[in-house]
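Trainee: Please build the complete structure, drawing on both the sequences and the hints.
Chains A and B, in that order, give the protein sequences.
Under my numbering, residue 91 is the last one in the first sequence; the count climbs by one each step, no gaps.
Under my numbering, residue 91 is the last one in the second sequence; the count climbs by one each step, no gaps.
None of these hints come from the bench; they were simulated from the model.
Treat the hints with caution; some may be incorrect.
Mimicking DSSO-like on lysine-lysine, the simulated pairs with C-alpha atoms at most 27 Å apart in a straight line are [said to hold, decoys possible]: (1) A:Lys64 - A:Lys40; (2) B:Lys40 - A:Lys63; (3) A:Lys64 - A:Lys2; (4) B:Lys40 - A:Lys2; (5) B:Lys40 - A:Lys40; (6) B:Lys40 - A:Lys64; (7) B:Lys2 - B:Lys40; (8) B:Lys64 - B:Lys40; (9) A:Lys40 - A:Lys63; (10) A:Lys63 - A:Lys2; (11) A:Lys40 - A:Lys2; (12) B:Lys63 - A:Lys40; (13) B:Lys63 - B:Lys40; (14) B:Lys64 - B:Lys2; (15) B:Lys2 - A:Lys2; (16) B:Lys64 - A:Lys40; (17) A:Lys40 - B:Lys2; (18) B:Lys63 - B:Lys2.
Partner residues are not named here, just some residues of chain B that face chain A (Cβ under 8 Å, in silico) [said to hold, decoys possible]: (19) Arg8; (20) Leu33; (21) Val38; (22) Asp45; (23) Met61.
Here are some, though not all, of the chain A residues that point toward chain B, as calculated from beta-carbon distances under 10 Å [to be verified]: (24) Val7; (25) Arg8; (26) Ala24; (27) Leu25; (28) Val41; (29) Ile42; (30) Asp45; (31) Asp47; (32) Arg57.
Backbone N, C-alpha and C fix where the C-beta goes; we use that ideal spot for every residue, glycine too.
Number of protein chains: 2
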Amino acid sequence: MKVRVLVRLRPGIMDVQGAAVQRALVGLGFGDLRDLRVGKVIDVDVDASSVPAARVRVDEMCKKLLANPVLEDYTIEPVEASSLEATSALR
Amino acid sequence: MKVRVLVRLRPGIMDVQGAAVQRALVGLGFGDLRDLRVGKVIDVDVDASSVPAARVRVDEMCKKLLANPVLEDYTIEPVEASSLEATSALR
Chain A
1 MKVRVLVRLR PGIMDVQGAA VQRALVGLGF GDLRDLRVGK VIDVDVDASS VPAARVRVDE
61 MCKKLLANPV LEDYTIEPVE ASSLEATSAL R
Chain B
1 MKVRVLVRLR PGIMDVQGAA VQRALVGLGF GDLRDLRVGK VIDVDVDASS VPAARVRVDE
61 MCKKLLANPV LEDYTIEPVE ASSLEATSAL R
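Mentor: What follows is the structure, encoded as structure tokens:
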């Protein structure tokens with residue numbers, strides 16, 4: 001079962017990498033850029049019988065290793081639904 | 001207009017960070033982990049009149065700076081639809 005974890009800095013935390021990228025893009029002529037933040041996407045394939053079972057397991061992984069709860073928030077998404085949504089957005 | 005960019009290593013490219021995280025998780029007792037790959041998520045807020053216009057602009061940003069086309073693939077997703085999809089997946 002494939003799920004996707006998005007790990008991002010919490011809202012109050014300064015995103016140094018994002019700020020640097022944003023400044024570089026504005027320098028390249030992207031003056032229409034309002035905000036930019038950088039995080040991690042972790043694609044996980046886990047041996048589970050259902051999407052909810054996979055989510056529970058991946059949530060444990062996030063708590064134990066993948067995310068730092070002091071600095072970061074994470075969200076878990078099923079991969080199939082996200083792909084469908086991405087495809088429909090192209091229409 | 002908010003869009004989300006996912007930047008991942010191309011399939012053939014060795015993901016050293018992902019391999020290290022995977023080994024660490026297996027060591028923590030997650031023997032049901034089949035595969036894991038790490039990439040970047042970039043949340044971009046761009047001044048555009050529509051989602052397609054924002055996608056075009058962010059695609060230019062990816063080509064010029066955000067992704068390295070030799071090593072990385074990227075996908076652009078609208079943020080609103082993704083949030084709805086993530087919520088519906090929780091039901």
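Trainee: It remains to establish, for every hint, whether it holds in the given structure.
Mentor: Now the hints, each set against the structure:
{"no.": "1", "hint": "A:Lys64 - A:Lys40", "in the structure": "16 Å, holds"}
{"no.": "2", "hint": "B:Lys40 - A:Lys63", "in the structure": "19 Å, holds"}
{"no.": "3", "hint": "A:Lys64 - A:Lys2", "in the structure": "19 Å, holds"}
{"no.": "4", "hint": "B:Lys40 - A:Lys2", "in the structure": "17 Å, holds"}
{"no.": "5", "hint": "B:Lys40 - A:Lys40", "in the structure": "4 Å, holds"}
{"no.": "6", "hint": "B:Lys40 - A:Lys64", "in the structure": "20 Å, holds"}
{"no.": "7", "hint": "B:Lys2 - B:Lys40", "in the structure": "16 Å, holds"}
{"no.": "8", "hint": "B:Lys64 - B:Lys40", "in the structure": "16 Å, holds"}
{"no.": "9", "hint": "A:Lys40 - A:Lys63", "in the structure": "15 Å, holds"}
{"no.": "10", "hint": "A:Lys63 - A:Lys2", "in the structure": "18 Å, holds"}
{"no.": "11", "hint": "A:Lys40 - A:Lys2", "in the structure": "16 Å, holds"}
{"no.": "12", "hint": "B:Lys63 - A:Lys40", "in the structure": "19 Å, holds"}
{"no.": "13", "hint": "B:Lys63 - B:Lys40", "in the structure": "15 Å, holds"}
{"no.": "14", "hint": "B:Lys64 - B:Lys2", "in the structure": "19 Å, holds"}
{"no.": "15", "hint": "B:Lys2 - A:Lys2", "in the structure": "25 Å, holds"}
{"no.": "16", "hint": "B:Lys64 - A:Lys40", "in the structure": "20 Å, holds"}
{"no.": "17", "hint": "A:Lys40 - B:Lys2", "in the structure": "17 Å, holds"}
{"no.": "18", "hint": "B:Lys63 - B:Lys2", "in the structure": "18 Å, holds"}
{"no.": "19", "hint": "Arg8", "in the structure": "7 Å, holds"}
{"no.": "20", "hint": "Leu33", "in the structure": "6 Å, holds"}
{"no.": "21", "hint": "Val38", "in the structure": "5 Å, holds"}
{"no.": "22", "hint": "Asp45", "in the structure": "4 Å, holds"}
{"no.": "23", "hint": "Met61", "in the structure": "6 Å, holds"}
{"no.": "24", "hint": "Val7", "in the structure": "8 Å, holds"}
{"no.": "25", "hint": "Arg8", "in the structure": "7 Å, holds"}
{"no.": "26", "hint": "Ala24", "in the structure": "6 Å, holds"}
{"no.": "27", "hint": "Leu25", "in the structure": "6 Å, holds"}
{"no.": "28", "hint": "Val41", "in the structure": "4 Å, holds"}
{"no.": "29", "hint": "Ile42", "in the structure": "5 Å, holds"}
{"no.": "30", "hint": "Asp45", "in the structure": "4 Å, holds"}
{"no.": "31", "hint": "Asp47", "in the structure": "4 Å, holds"}
{"no.": "32", "hint": "Arg57", "in the structure": "7 Å, holds"}
The structure meets every hint from the earlier list without exception.
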